[in-house]
Amino acid sequence: MELKQTREGALRLGSAASAAAVAGTLGLFDAREAGAQASELPRGRTLRMVFGGSGGKFTDTGIGNPYAAGATHQIGNAALWEPLFYYSAFADDMIPWLATGYSYAEDFSALTVNIRKGAEWGDGQAFTANDVAFTFNLLKDNQKLTYGGDMKKYIDAPPRRCELRLPPPIATVSHSLLIFQ
Numbered sequence: 261m262e263l264k265q266t267r268e269g270a271l272r273l274g275s276a277a278s279a280a281a282v283a284g285t286l287g288l289f290d291a292r293e294a295g296a297q298a299s300e301l302p303r304g305r306t307l308r309m310v311f312g313g314s315g316g317k318f319t320d321t322g323i324g325n326p327y328a329a330g331a332t333h334q335i336g337n338a339a340l341w342e343p344l345f346y347y348s349a350f351a352d353d354m355i356p357w358l359a360t361g362y363s364y365a366e367d368f369s370a371l372t373v374n375i376r377k378g379a380e381w382g383d384g385q386a387f388t389a390n391d392v393a394f395t396f397n398l399l400k401d402n403q404k405l406t407y408g409g410d411m412k413k414y415i416d417a418p419p420r421r422c423e424l425r426l427p428p429p430i431a432t433v434s435h436s437l438l439i440f441q
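If you're matching positions, the sequence shown starts at 261 in the numbering used here and goes up one per residue.
For the record, the hints were derived by calculation from the structure and aren't laboratory data. Treat the hints with care, since some could be wrong.
Pairwise CB distance ranges (calculated) [what the hints assert, rightly or not]:
id, residue 1, residue 2, range
1, 351, 374, 15 to 23 Å
2, 346, 380, 27 to 35 Å
3, 404, 378, 15 to 23 Å
4, 352, 401, 32 to 40 Å
5, 355, 395, 14 to 22 Å
6, 341, 403, 17 to 25 Å
7, 403, 352, 29 to 37 Å
8, 403, 351, 28 to 36 Å
9, 390, 350, 28 to 36 Å
10, 421, 353, 21 to 29 Å
11, 384, 357, 23 to 31 Å
12, 383, 357, 27 to 35 Å
13, 349, 384, 29 to 37 Å
Each computed EDC-like pair below joins lysine to aspartate or glutamate, with the alpha-carbon atoms no more than 20 Å apart [said to hold, decoys possible]:
id, residue 1, residue 2
14, 377, 391
15, 377, 423
16, 377, 342
17, 400, 423
Backbone N, C-alpha and C define an ideal beta-carbon position, used for all residues, glycine too.
With the hints as extra help, turn the sequences into a complete structure.
See the structure below:
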């Protein structure tokens, strides 16, 4: 049987999905009842979705540390960490988050990162260049960690400026380090 896709069919499907979403939001369905039904399903009928890994195996399940060997930034738990910058593939641009900007030395031997004023830890303590320097120094001093060993030296210049000294001049380090750390 050949199924013909039409604009009318797509609109009907979209309307039905929208109505279901609104009904769920307004509480027209009893979530406790749905939960009870789900718990009664046999395990063989449970769909589990996990992202990450390679070669048909999930290599990073249970890894909550973004710097541990085998960890990847490309799974959902990356949403738990706030980076200095986000990368927008749509705009092909780095969007400042905990930082406000960065600049290279003229010879690309150093990268200076400016930390956003008012950024805080969960306990209300100020997020400073010392925190950035601590993280980068931790990675530098522990070569086996993911992202470790890319820098020669990290120098903090409190409170809101951190200078990263690059081994050989590397003009692309901002993308690989400032986004995922």
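Going through the hints against the structure:
Distance hint check for residue 351 and residue 374: the Cβ-Cβ separation is about 20 Å, which falls inside the suggested range of 15 to 23 Å. The hint said 27 to 35 Å for the Cβ distance between residue 346 and residue 380, and at roughly 18 Å that hint is violated. For the pair residue 404 and residue 378, the supplied restraint of 15 to 23 Å is violated, since their beta-carbon distance comes to about 35 Å. Under the hint 32 to 40 Å, the C-beta atoms of residue 352 and residue 401, about 33 Å apart, fit the expected range.
Between residue 355 and residue 395 the Cβ separation comes to about 20 Å, which falls inside the hinted range of 14 to 22 Å. Our hint of 17 to 25 Å for residue 341 and residue 403 holds, since their Cβ atoms are close to 21 Å apart. The hinted range of 29 to 37 Å is satisfied by residue 403 and residue 352, whose Cβ atoms lie roughly 31 Å apart. For residue 403 and residue 351, the hinted distance range of 28 to 36 Å is satisfied, since their beta carbons lie about 34 Å from each other.
At about 34 Å, the CB distance of residue 390 to residue 350 agrees with the hint of 28 to 36 Å. Between residue 421 and residue 353 the C-beta distance comes to about 22 Å, which sits within the given range of 21 to 29 Å. Separation of residue 384 from residue 357 is about 18 Å and departs from the stated range, judged on CB atoms against 23 to 31 Å. For the pair residue 383 and residue 357, the beta carbons lie near 19 Å from each other, so the given range of 27 to 35 Å is not met.
Taking 29 to 37 Å as the suggested C-beta distance range, the pair residue 349 and residue 384 conforms, at roughly 33 Å. Note on residue 377 and residue 391: the hinted pairing holds, with a Cα-Cα distance of about 13 Å set against a maximum of 20 Å. Between residue 377 and residue 423, the direct Cα distance comes to roughly 17 Å. Compliance with the 20 Å bound is thereby established for this hinted pair. For the hint pairing residue 377 with residue 342, the CA-to-CA distance comes to about 15 Å; that is within 20 Å, so the pair holds.
Using a Cα cut-off of 20 Å, the hinted pair residue 400 and residue 423 holds, with the two alpha carbons roughly 14 Å apart.
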